[in-house]
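Colleague: Using the sequences plus the hints, can you model the full thing?
Here the protein sequences come in this chain order: A and B.
Residue numbering for the first sequence is 1 to 398, as defined by my numbering.
Residue numbering for the second sequence is 1 to 486, as defined by my numbering.
Hints in this document: simulated from the structure, not taken from any laboratory.
Note that beta-carbon positions come from the ideal geometry of N, C-alpha and C, so glycine has one too.
Heads up, a few of these hints could be off.
[Stated by the list, open to error] Just so you have them, the derived chain B footprint on chain A, three or more residues with Cβ under 8 Å:
hint: 1; stretch: 217-224
hint: 2; stretch: 334-344
[As the list claims (entries may be wrong)] With the C-beta cut set under 7 Å, the calculated list includes, among others, these residues of chain A facing chain B:
hint: 3; residue: L29
hint: 4; residue: G175
hint: 5; residue: S176
hint: 6; residue: I363
hint: 7; residue: W366
hint: 8; residue: G372
hint: 9; residue: L376
hint: 10; residue: R379
hint: 11; residue: P386
hint: 12; residue: V396
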Amino acid sequence: MSLPSKLGVDASPAPATSGWPPVADVSQLLAERAAAGIPTRPRGGATKLGWGSCGAPPNGCQDLDTRSLTGVLEHNAGDLTAVVGAGTPLVELADRLALSGQRLALDPPLGFERAATVGGVCAAGDSGPLRHRYGAPRDLVLGMRVVLSDGAVAQAGSKVIKNVAGYDLPKLFCGSLGTLGVIAELCLRLHPLPAQTATTMIDCDDPATLARVCTALSSAPLEAESLDLAWRRGRGGVLARFAGERASARAASALELLAGAGVDGDTRDGDDEPLWDSQRELQRAPQGGISIRVSGRPTRLAETARLTDDIGAALVGRAALGLWWVTLGPDSDHAAALSLLRERLAPLPCAVLDAPEQLREQIDAWGPRTAGLVALERRVRERFDPAGLLNPSVPVGR
Amino acid sequence: MRGNGLDELLRELSAIVGRERLVAHPDALRAYQSDGLTRHRAMPVAVVLPDDSAEVQKVVRALHGRRVPWVARGAGSGLSGGALPVADGVVIALTRLRRVLDVDLENSRVTVQPGVTNAQVSAAVAPTHFYPPDPSSQVVCTIGGNVAENAGGAHCFKYGFTTNYVCGVELVLADGERVDLGGTEIDRPGLDLVGAIVGSEGTLGVVTRITLRVIPVPEAQRTLIAFFADTGSAGEVVSELVGGSGVVPAAIEMMDELALQAVEQAVNPGFPHAGAALLVELDGPEAECAPHLDHVVEVCQRHGAEEVRVARDAAERDRLWRARKAAFAAMGRVSPSYYVQDGVVPRTRLAEVLRRIDELAAEHGLRVANVFHAGDGNLHPLVCYDHAKPGEPERAELLAAEILSACIEAGGSITGEHGVGIDKKAQMPAMFADADLEAFQRLRCAFDPDGLANPGKVMPTPRLCGEVPGPYRRHPLELAGVAERL
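Modeller: Here it is as structure tokens:
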């Protein structure tokens, strides 16, 4: 099925080296800045600007707004793939794909004014509840066209769902926070939009029960779309979302399984989107607060929930994956809470995402990492950006 | 390498691994001169069989000190020549690193050494869990090799590839440094270097420990095989199943007429004579497998299936899979030699490319059997030839290359799971421009600036790594606040 895009490019496959004018513009701009030694901070919808950085950008650093790279360049509906400009807002892409009953199964929080772009989400490696089944940006990006710091335009990956030709640079660029180059175009793997959804919900007021329910649901072969938890001030819950024609039946079997384990729950059949919006929202910090992403393990959930109570924080995350976000409001001692979290959860990495700028200068955004790892990262960064001009305040390789 | 230099090297290696684990006699070395792609051969000066990652590190450090190139090797079952030795180089065979180090089912992880076979990983986490990527060679191929090649398999259609399951690795770099990348947890801060390592074909270092994600075994499995008059009708079934009918099969595999004949002769599964067969597997909750199976049977019948057989039990399922997984080896029954190709096409172009392969085969007067992962659009044309007939091997190679060109023209890839290795590096420029290859080279140089790890693979032409220019430093006048860059 071929859909006209706003750029007037049809769905027929473009030649691999076709030059899309906005990419040439980005290339020229970066080449000029490289010649003049001007640092650049790539940005999309500016919803995650400070992530990973350890303070304000250096003097003279200029932003590069990727929203000139907007549009769906190809939508190969029969193959469930699409090529999009990096600056395309996620909401626009979703609307467009929904016309064909498809979606990009990537649902991170969309940020202020729902402005998050595909390129920004991938560069930040952000994800939402659909991560449980469909993976992170790294798992959904098939190919990429990137502009390197000297203006060179390179592509890697492919437009098919299976490919091992050449190095997997798309994976390397996902989560690289603009330090290796500017993501210009992405080829994405799509999935069908489910006809129905249903969500099973369990409330509890005891971290041990929370962990037990998470374990029971994640070890059962239920084929959930999403399996999430939330915890705040001694109360919390677990949410399991099912999709497809048999969504309600699956949700009912989840309830049954829990009843067998002595836990009562409830099911919402359809109209469950608000529950999941709220899960996504909890990944971001309230105004003036901080959010910390904990790369955890399911076996350490209960103690983490207790710890968030101790520091007055909220916890949300992916139950089976052990991926959690801890958020604190503006009135807490952020630096103290962060140190306590790192000390008690060690060696689990705790990375600061949202934070006020003055706090960034006092803390280590990423926490301890081995010298060997940092040295290797530095070698990679120096090869891609020898002059160190791209997003210099992000500590990749430092 | 000869004389004193070689003697000194062998002495140093022998001091690390011991004499019994150093192979240097030409007769013994012959076993290592090729991998699964036997058309290419090269004699290394030595093969070392280290026992643990510390020994691997010492060996690599010694080789770096003498600037001797090396190739890491697992089971040697790869099909792109990725483990082909470098003449005058050393092979580091990892088959002795075969310990399962940790099974942590509560966190869905298993940590293994690289010489553990793919099938042993699933066995280590059974019966509650399994490791989904399942190359046909899974009984022999090693996880280290799977990581190097980003191995796939039949169940990747639903479950993804090796790269979707590797959480962390211990890597020995070409200079002998050992570094942990990733770990048990996901989304660790910093670059996704694990993502860059998986599929790098041994050119960025050697992996000595691997942490994998495993998943719960599905409640139920149903497997069927449907026979069709031609690949076109079978292809229509694939398109319908892939296009979002709500049913996501765990695997969709196709075999064409010649492949079916070969399989029949080799393992005698009792299949009827047919132009094509589709092997479809469904898995998931028990309550869903039955209706989904009915749906698949209905789709097959609607597209003209001549016969549909549903496996009644695990033994029948195993027999169906054995027939499919034996297909490559079975080609020996219908052809003296064959060459396995590994192209990918967008799934909507399958039928068209299969027709093109038939035309190309007829033009070259050779037969091509097709056995492939239809759900992924990953073709494995098996080009049949007789190595004893003058000119035939060359014609087979030419035909195989033209099949790849057809895949690229259809918007696909030159390799879906076997890797570029030595076999496809000449085709890399057909898929990637100079600037793309230059970007690959940046990554290669970051990990191995001396080009010692598996040189001569992946990249179409040898390239050297230049020095990295010094990082950008602020001018003293800028630092003093006297001048500013604009």
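Colleague: Report the numbers of all earlier hints that the structure fails to satisfy, in ascending order.
Modeller: Of the numbered hints given earlier, those the structure breaks are 2, 3 and 6, listed in rising order.
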